[in-house]
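**Student:** Spelled out, the chains give:
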Amino acid sequence: MATNSVNIEELKPHKKVKFWAEAKRQPFLLISSALLLLYGIIFYYLPVVGWLTAFQDYKPAKGLLDQQWVGFDKFVKLFENETFFLAFRNTLCMGVINLVFHFITAIGFALLLNEVRIFIVKKFVQTISYMPHFLSWIIVTAIVRDVLSADGIVNEFLMKICGNPQAIDFFAEKAYFWWIVAFTNVWKETGWNAIIYLAAITAIDPCLYEAADMDGASRFQKMRYITLPSLRPTIMILLLINIGNVLNAGFELQYILGNDVISDVSKILDVFILDWGISQFDFSLGTAAGIFKSVIALILVCTGNFIAKKTGDERLF
Amino acid sequence: MKTKMKRQIHAGDVIFEIFLILFLVIFVFVTLYPLINTLAISFNDGFDTVTHRIHFIPHQFTTDNYKAVFAKEGYRIGAVNTVARTVFGTLISLAVNAVLAFVISRKRFLFKKSFSLFWVITMYVNGGLIPTFIVFQKLHLTNNFLVYIIPGAASAFNMLVIRNYMNGIPDSLEESAQIDGAGYFKIFYSIISPLCKPVYATIALFVAVYQWNSWFDAMLYNKMKDNLTVLQYELMKQLETAMKSAGSVEGLKNSGTSITPTSIRAAATICTMVPILFIYPFLQRYFVTGLTIGGVKE
Chain A
1 MATNSVNIEE
11 LKPHKKVKFW
21 AEAKRQPFLL
31 ISSALLLLYG
41 IIFYYLPVVG
51 WLTAFQDYKP
61 AKGLLDQQWV
71 GFDKFVKLFE
81 NETFFLAFRN
91 TLCMGVINLV
101 FHFITAIGFA
111 LLLNEVRIFI
121 VKKFVQTISY
131 MPHFLSWIIV
141 TAIVRDVLSA
151 DGIVNEFLMK
161 ICGNPQAIDF
171 FAEKAYFWWI
181 VAFTNVWKET
191 GWNAIIYLAA
201 ITAIDPCLYE
211 AADMDGASRF
221 QKMRYITLPS
231 LRPTIMILLL
241 INIGNVLNAG
251 FELQYILGND
261 VISDVSKILD
271 VFILDWGISQ
281 FDFSLGTAAG
291 IFKSVIALIL
301 VCTGNFIAKK
311 TGDERLF
Chain B
1001 MKTKMKRQIH
1011 AGDVIFEIFL
1021 ILFLVIFVFV
1031 TLYPLINTLA
1041 ISFNDGFDTV
1051 THRIHFIPHQ
1061 FTTDNYKAVF
1071 AKEGYRIGAV
1081 NTVARTVFGT
1091 LISLAVNAVL
1101 AFVISRKRFL
1111 FKKSFSLFWV
1121 ITMYVNGGLI
1131 PTFIVFQKLH
1141 LTNNFLVYII
1151 PGAASAFNML
1161 VIRNYMNGIP
1171 DSLEESAQID
1181 GAGYFKIFYS
1191 IISPLCKPVY
1201 ATIALFVAVY
1211 QWNSWFDAML
1221 YNKMKDNLTV
1231 LQYELMKQLE
1241 TAMKSAGSVE
1251 GLKNSGTSIT
1261 PTSIRAAATI
1271 CTMVPILFIY
1281 PFLQRYFVTG
1291 LTIGGVKE
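Just so you know, the sequences run in chain order A and B. Residue numbers for the first sequence follow this note's numbering, beginning at 1 and rising by one. Residue numbers for the second sequence follow this note's numbering, beginning at 1001 and rising by one.
Source of the hints: derived by calculation from the structure; they are not laboratory data. Glycine included, each C-beta is placed from N, C-alpha and C at the ideal position. Please note that the accuracy of each hint is not assured.
Taking lysine-lysine and the DSBU-like style, the derived pairs with C-alpha atoms no more than 30 Å apart in a straight line are [to be verified]:
| no. | chain 1 | residue 1 | chain 2 | residue 2 |
| --- | --- | --- | --- | --- |
| 1 | B | LYS1113 | A | LYS123 |
| 2 | B | LYS1237 | A | LYS174 |
| 3 | B | LYS1113 | A | LYS310 |
| 4 | B | LYS1197 | A | LYS18 |
| 5 | B | LYS1113 | B | LYS1186 |
| 6 | A | LYS62 | B | LYS1138 |
| 7 | A | LYS309 | B | LYS1113 |
| 8 | B | LYS1197 | B | LYS1067 |
| 9 | B | LYS1197 | A | LYS122 |
| 10 | A | LYS77 | A | LYS62 |
| 11 | A | LYS309 | B | LYS1107 |
| 12 | B | LYS1138 | B | LYS1225 |
| 13 | A | LYS174 | A | LYS77 |
| 14 | B | LYS1197 | A | LYS59 |
| 15 | A | LYS24 | B | LYS1113 |
| 16 | B | LYS1107 | A | LYS24 |
| 17 | B | LYS1237 | B | LYS1067 |
| 18 | B | LYS1138 | A | LYS59 |
| 19 | B | LYS1138 | A | LYS77 |
| 20 | B | LYS1223 | B | LYS1237 |
| 21 | B | LYS1113 | A | LYS18 |
| 22 | B | LYS1225 | A | LYS62 |
| 23 | A | LYS16 | B | LYS1112 |
| 24 | B | LYS1237 | B | LYS1138 |
| 25 | A | LYS59 | B | LYS1186 |
| 26 | B | LYS1107 | A | LYS16 |
| 27 | B | LYS1186 | A | LYS16 |
| 28 | A | LYS24 | B | LYS1186 |
| 29 | B | LYS1237 | A | LYS62 |
| 30 | A | LYS16 | B | LYS1113 |
| 31 | A | LYS18 | B | LYS1107 |
| 32 | A | LYS24 | B | LYS1223 |
| 33 | A | LYS18 | B | LYS1067 |
| 34 | B | LYS1223 | A | LYS309 |
Pulled from the structure, derived: some chain B residues nowhere near chain A, Cβ distances all over 10 Å [stated by the list, open to error]:
| no. | residue |
| --- | --- |
| 35 | ALA1079 |
| 36 | ASN1144 |
| 37 | ALA1204 |
| 38 | THR1262 |
Produce the complete structure using the sequences and hints provided.
**Tutor:** Following this line, the structure appears as structure tokens:
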């Protein structure tokens, strides 16, 4: 007993000394981390403190703590707002459609490109495929507008080859908007999203394919029973990352192409927040809507992570 | 029986091959057509574009559209600001993220765990549009060029990509340098950083493209200051007016000019696209390796 207590007494100051000795050895690490900590607090954590404004009737002229507190009034006002529900539904639907298309097209494209035997062709197609990723959303929005306009190529194709009697006004019909957003995302991001799958495919053991060849498997069968199952871990981890982003369903397309005629389907949460928060100066309501969005995103990430844990797949944290 | 089976598989493979070729042709066409079409329109006489259908080559060649773009003050100021934010934003962001990744990846750093957690949390929780706006306003970052550079400089995602790369560098390099008496700054500057060139290039590319393509911060924080506008925001304003005044061909005829909003926009689009497409082939190998080595997993 006695020796034990002596040991502990000895250890504690020793550890402290060790701490300070170590601290003396890493001034660069400590100083830069202190500065970065300060930076992180100001630019990432302070806005979260700003969530308090959702429980106040925020007036920009006064300080954060001098405001009038209104409890959950702003949230009640938010949930009574019909536009808010439409915006939430639109965001969620567009986000889910985008997510599904993202995975189907990226995996499909990677699988097909992997089957191309001629190296030059493969390289050429891949190089072209991720070019649109680097174009800004403004440029892409302009392109979508031109392609779908009355004298754009889509209408030309529909009229000359499919025999449509007249041009379709794609931006005046509610039924089209979500699919326009989905296809635009496919056009812009498929090649980029496929990069990670193509890299994962190169890591598959070639023995598997050789064995399948022995058994007389066709190319399609090899794709279906070897390549696709080997991609499962990659697919799962990317799914988890992207589930948290479901409510970030894009912005420019909805903001610029959305008009009064189709606003029921085109308005998204971010545009709603911008409308109320910045244009109408109801900072508190905008913040409340932002909190709602963040909380839902966090729940989605945690649920996805939990399911991955249960099924034994890779996890984020 | 056996030969029949073999032939069937063979037939399937041929169909597959045809399907594959068809797919590739359509894919390349769909990806490239809008870009080539925009290029053709940008070099076509504006009035001619309204009456003729332009596909791949200009019908009535002109460079007037480009002259009109360069003559616009908004585009000129926007170009200067965009170049400035791309250059300074990329340099600062790369330096900050590199130091951050270096600190977090040191095994002996005293606050390694808590400091990593501090940054990982920022990936999942953010204040949102309005609170961020209020904070920036209080910090006098509105109507200020610095709002383009400072707020996004340190990012947990970019930091993680660099950190994952640094984790792959053997510790023995650091230890032998320490035995020779090198401090951590020296280790960062002369040992780790030269080895991290590929991942630095990747992050620099990501940030540069992000900076070049940004417009929302210009609209949100610097709307009142015309001298702080950026290229993409000018393009966006043009697009917005084009949406409103669509289809007024008669008005155009009466205005007597052959430069239409459509042709100007096409020329401006090409102008903002060219720099990116130009550096892209050179950096391609970096971002593919960077993306796969860096990974995205925490």
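**Student:** Which earlier hints can't be squared with this structure?
**Tutor:** 1, 4, 8, 14, 25, 29, 32, 33, 34, 38
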